[in-house]
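A.B. asks: In case you want the letters, here they are:
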Amino acid sequence: MSKAKVGIVVFPGSNCDHDAYFAFKDILKVDTKFLWHKEESIGDRNLIILPGGFSYGDYLRCGAIARFSNLMSDIINFANNGGVVIGICNGFQILCETGLLPGVLLKNKNLQFICKTVSLTVENNKSIFTGNCEIKEVINIPIAHGEGCYFCDDNTLMELISNNQILFTYNDNPNGSLNNIAGIQNIKRNILGMMPHPERAADEILGNTDGIKILSSVVESFE
Amino acid sequence: MFIAKIRITLRSSILDPQGKAVEGSLNSLGFEEIIDTRIGKYIELKIDSDKKAEAENIAGLACKKLLANPVMENYEFDIIKSDGG
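These protein sequence lines are chains V and A, in that order. Using our numbering, read the first sequence as starting at 25 and increasing by one per residue. Using our numbering, read the second sequence as starting at 67 and increasing by one per residue.
Some clues are possibly wrong.
To be verified - Straight-line C-alpha distance at most 25 Å; calculated BS3-like pairs for lysine-lysine:
(1) A:K71 / V:K133
(2) A:K86 / A:K131
(3) V:K27 / V:K150
(4) V:K150 / V:K133
(5) V:K62 / A:K131
(6) V:K27 / V:K49
(7) A:K107 / V:K133
Keep in mind the hints are simulated off the structure, nothing from the lab.
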């Protein structure tokens with residue numbers, strides 16, 4: 025039985041919070057709660073999900089305003105002390121804005137909002153987020169974003185590569201991301217940010233359960 | 067009272083696909099002399115302070131902490147005295 029206690033943060037404008045809740049609570053049968061962004065503390069939660077959506081209308085820059093909401097200061101402390109945090113899509117953008125992950129997500133190179141299932145390669149399966157994947161396994165996960173073009177400076181990219189922080193790459197880069205990067209972990213390996221949505225590929229009835237490999241990996245890491 | 071007029075631009079190393087699209091449109095309108103187009107943001111802050119140095123400091127901190135992301139953007143601003151209103 026997993027000791028994971030999932031907390032899904034709800035910002036004004038989050039819209040994948042219920043998908044994430046369903047994937048953890050109803051499919052993986054994990055203790056799962058929503059956390060409203062105005063709360064002061066994450067309480068007893070030990071696995072924090074920053075879900076997809078358009079927090080604060082994506083005003084100024086995606087994720088820039090969510091970064092200063094009440095609950096985020098507790099989440100930043102939690103993450104800096106080794107707590108496990110996953111940011112999906114807008115959540116990834118928020119993690120980059122907080123500086124918990126390096127780099128930034130720019131407007132897609134083709135200027136379009138892209139909503140489709142894409143093929144990813146798992147570049148590293150020695151992480152708590154990819155333990156149930158094979159190395160170089162190809163998985164199909166949906167994306168839905170207008171600002172998903174990952175960018176960082178040359179030094180940061182060299183560090184990401186040499187520290188095996190790149191977990192997922194696009195096989196057919198849809199958005200112009202540097203080095204086809206779709207998802208990265210921090211150097212301490214307790215924070216994951218990814219643009220594709222594993223929670224949208226979690227239920228058999230939707231025809232694709234590749235996302236479960238990622239979500240179950242992290243849940244099982246709490247056993 | 068001071069007004070900070072802040073300009074935020076993408077760093078030159080960052081591709082600006084929006085600028086490229088607008089540039090293409092300008093070129094097709096016949097503005098062939100326009101060879102580069104970059105799109106940024108303009109922000110005005112009204113700052114309740116009677117010292118210009120203090121207003122400058124506040125505007126700089128606001129840019130650093132929230133208004134610009136140094137990974138992808140540069141900022142610059144002018145501080146102008148205002149009578150309020």
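A.B. asks: Work down the list of hints and note, for each, if the structure agrees.
C.D. replies: Going through the hints against the structure:
no.	hint	verdict
1	A:K71 / V:K133	29 Å, violated
2	A:K86 / A:K131	29 Å, violated
3	V:K27 / V:K150	21 Å, holds
4	V:K150 / V:K133	31 Å, violated
5	V:K62 / A:K131	20 Å, holds
6	V:K27 / V:K49	13 Å, holds
7	A:K107 / V:K133	19 Å, holds
In summary, the structure is inconsistent with hints 1, 2 and 4 from the numbered list given earlier, while agreeing with the others.
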